[in-house]
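A.B. asks: Below, each chain spelled out in residue letters.
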Amino acid sequence: MSDLRELYQEVILDHSRHPRNFGHHEPSNREAKGHNPLCGDQLKIYALVEDGRIKDVSFEGRGCAISTASASMMTEMLKGRTEQEAEEIFNRFHAVVTGEQDIGDDEAEQGEGGLDKLRVLAGVRDYPMRVKCATLAWHTLKAALEAKGGSTVVTE
Amino acid sequence: MSATKQMGGAFDIARVRADFPILAEKVRGKRLAFLDSAASAQKPGAVIEALSNVYSREYANVNRGVHYLSERTTVAYDAVRGKVRKLINAGRDEEIIFTSGTTEGINLVAQSWGRANLKAGDEVLLTEMEHHSNIVPWQMLRDELGIALKVVPFGEDGALDMNAFRAALTDRTRLVAVTQVSNALGTINPVREICRLAHDAGARVLVDGAQGIPHMHTDVQAMGADFYAFSGHKLYGPTGTGVLWARADLLEAMPPWKGGGDMILSVSFARTDYAPPPHKFEAGTPNIAGVIGLGAAVDWFTGLDSKGLDAHEAEMLAYGTEGLMQVPGLKLIGTAKAKCAVLSFVLDYAHPHDIGTILDSEGVAVRTGHHCAQPVMEHFDIAATVRPSIGAYTCREDIDQLIAALGKVREMFG
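For the protein sequence lines, the chains are L and G, in the order given.
Count the first sequence with this note's numbering and you get residues 41 to 196, in order.
Count the second sequence with this note's numbering and you get residues 12 to 425, in order.
Derived by calculation from the structure, the hints in this document are not laboratory data.
This structure is a prediction, so every number in the text was calculated from the model and none was measured.
One thing to keep in mind: the hints can contain errors.
Stated by the list, open to error - Partner residues aside, some chain G positions facing chain L, computed with beta carbon under 8 Å:
{"id": "1", "residue": "D359"}
{"id": "2", "residue": "P363"}
{"id": "3", "residue": "T368"}
{"id": "4", "residue": "I369"}
{"id": "5", "residue": "S372"}
{"id": "6", "residue": "H381"}
Stated by the list, open to error - Calculated pairs, DSS-like style, for lysine-lysine (alpha carbon to alpha carbon, straight line, at most 30 Å):
{"id": "7", "chain 1": "L", "residue 1": "K73", "chain 2": "L", "residue 2": "K84"}
{"id": "8", "chain 1": "L", "residue 1": "K157", "chain 2": "G", "residue 2": "K419"}
{"id": "9", "chain 1": "G", "residue 1": "K269", "chain 2": "G", "residue 2": "K94"}
{"id": "10", "chain 1": "L", "residue 1": "K73", "chain 2": "G", "residue 2": "K342"}
{"id": "11", "chain 1": "G", "residue 1": "K342", "chain 2": "L", "residue 2": "K84"}
To be verified - Quick list of the computed label-pair ranges, beta carbon to beta carbon:
{"id": "12", "chain 1": "L", "residue 1": "Q49", "chain 2": "G", "residue 2": "R177", "range": "52 to 58 Å"}
{"id": "13", "chain 1": "G", "residue 1": "G270", "chain 2": "L", "residue 2": "T138", "range": "42 to 48 Å"}
{"id": "14", "chain 1": "G", "residue 1": "E408", "chain 2": "L", "residue 2": "M169", "range": "23 to 29 Å"}
Positions of the beta carbon are idealized from the N, C-alpha and C atoms, including for glycine.
Based on the provided sequences and hints, a complete structural model is requested.
C.D. replies: Okay, here's the thing in structure tokens:
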């Protein structure tokens, strides 16, 4: 079970049981649907973007523990950030869960804009079939920001 | 040592298991409990050896050369039609068309028979429990020809609503496309009665046998179907193989759907005369080694003590059902009286994908997801299920390992 505990850390289980920013926060001016055809999971992301900054972000839908926790942690991480910062974090997060990059132990990661809090999700890199679970919400948010309106993103 | 009756009588699970080299493999350091045969069955040594033997000893293209190897390969390839004919009790070898699998078989019927025989306003009846491969080809035809698709629902237990079926049959119904056994629910459909009712209404019947053939005694003539499609890989044979059976008179009248070599009598730039069935429907170099491997799978399968196999699989289904029903918070999806081989379920405290990952860490291989049957998932308002499934080699230990692993799921998520 030791490997599994790496994947299903307490923080992840907590976020999946009690997702933050769950439900449609209003007002919002961006949204997108995400769909993982492998498991049938669907989620919807809502964001309020003003002056290039994500003032609020929320999500709803159903999914596995990994996708729900990742969505929940993402909303906490990105609320208040600029779109550009969000994109940089998205790119780094993506590289981390696909195993292309590691999260360092330095202070930068623990500080503002660092990925320390997302470290618990890095365990999915050992489960290639589950990486899509961890990235679904992120791809969906990216689509919401880019489309500036309704859109559907599919991970497979 | 082979577990065939020629070699030693009644169904012996230990000997059946010994035929499958992969069952001795460890996964993630654990004993493998392979409970995913409904997705694809493992292969007995006889099939693996047949594939290796073709390529090592008697391989050449079929129906072409006059040389020794071509002749040997052609004889071996064609002999498989006879094996399959016997397996499903077809009338003639020529009624056996080799395909890449059930999906291609259904598409062949849609594109050949369907386009030649259906017109706007005609109705095709499907059931709510069809696999996507028995839905999408008909939707493509609907969009092309303007035919109507009608869907017969199933009840809460997963049994087809036969009253609704009778009511849906009209004088506009041209085809009923129905699965023999549901891949997501395990429901066994009364295909014989469906064929009788459909024929009384003047409709043809296509039976999707992908999930049925490994578990049901299939006699296409007694069943009364017009088309029967199945895959080799679920019948312990190689991937990329399959069979479409259709009555000879239907095949004679059907136009070819793919053009190419091997399906012709003569070709000039002015015209082409097509070969008679089955070659009319087998354009191009076929999956030669795969088909020969399929023949080995049919030999292996028909060599089993079939009554013993039935009794064994029924016992495993009952044992698995009993075990799963003891698991707190578990709901079986699909509880029809007539059911085989599939134990779909959901847990109220964990998502199927998380369950699948934890079972995997305990060596238990199951399918999780929508099983290419999203309308079934919609019926139960779920996104996915966990689907352990049973094959000839499934044993009590596999089920015990599953139930124990579900305890780990509960530890983590319950």
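A.B. asks: At the C-beta level, are G/E408 and L/M169 separated by a distance inside 23 to 29 Å?
C.D. replies: 26 Å, holds
A.B. asks: Using the nearest Cβ pair, does G/T368 come within less than 8 Å of chain L?
C.D. replies: Because about 6 Å separates G/T368 from the closest Cβ in chain L, which is inside the 8 Å limit, the hint holds.
A.B. asks: Verify the proposed pairing of G/K342 with L/K84, using a straight-line Cα cut of 30 Å.
C.D. replies: 27 Å, holds
A.B. asks: Given the proposed pairing of G/K269 with G/K94, does the C-alpha separation stay at or below 30 Å?
C.D. replies: 25 Å, holds
A.B. asks: Can we keep the G/H381 interface hint, with Cβ of chain L closer than 8 Å?
C.D. replies: At about 4 Å, which falls below the 8 Å cut-off, the nearest Cβ of chain L leaves the hint on G/H381 intact, so it holds.
A.B. asks: Can the hint on G/I369 be confirmed by a CB-to-CB distance to chain L that is less than 8 Å?
C.D. replies: OK, holds: G/I369 within 8 Å of chain L, min 6 Å.
A.B. asks: Hey, L/K73 versus G/K342, does the alpha-carbon distance stay inside 30 Å?
C.D. replies: 29 Å, holds
A.B. asks: Take the C-alpha atoms of L/K157 and G/K419, compute the straight-line distance between them, and say whether it is at most 30 Å.
C.D. replies: The given pair, whose Cα atoms are some 27 Å apart, holds under the 30 Å limit.
A.B. asks: Identify whether the interface hint at G/S372 stands, where standing means a beta carbon of chain L within less than 8 Å of its own.
C.D. replies: 5 Å, holds
A.B. asks: Would you settle whether the hint for G/D359 is holds or violated, based on the nearest Cβ-Cβ distance to chain L being less than 8 Å?
C.D. replies: With Cβ-Cβ at 13 Å, over 8 Å, it is violated.
A.B. asks: Assuming the hint says 52 to 58 Å, is it satisfied by the Cβ distance from L/Q49 to G/R177 or not?
C.D. replies: 55 Å, holds
A.B. asks: Does the interface hint hold: is G/P363 within less than 8 Å of chain L, judged Cβ to Cβ?
C.D. replies: Where the cut-off is 8 Å and the nearest Cβ of chain L is about 7 Å from G/P363, the hint holds.
Violated hint for the displayed structure: number 1, the only one.
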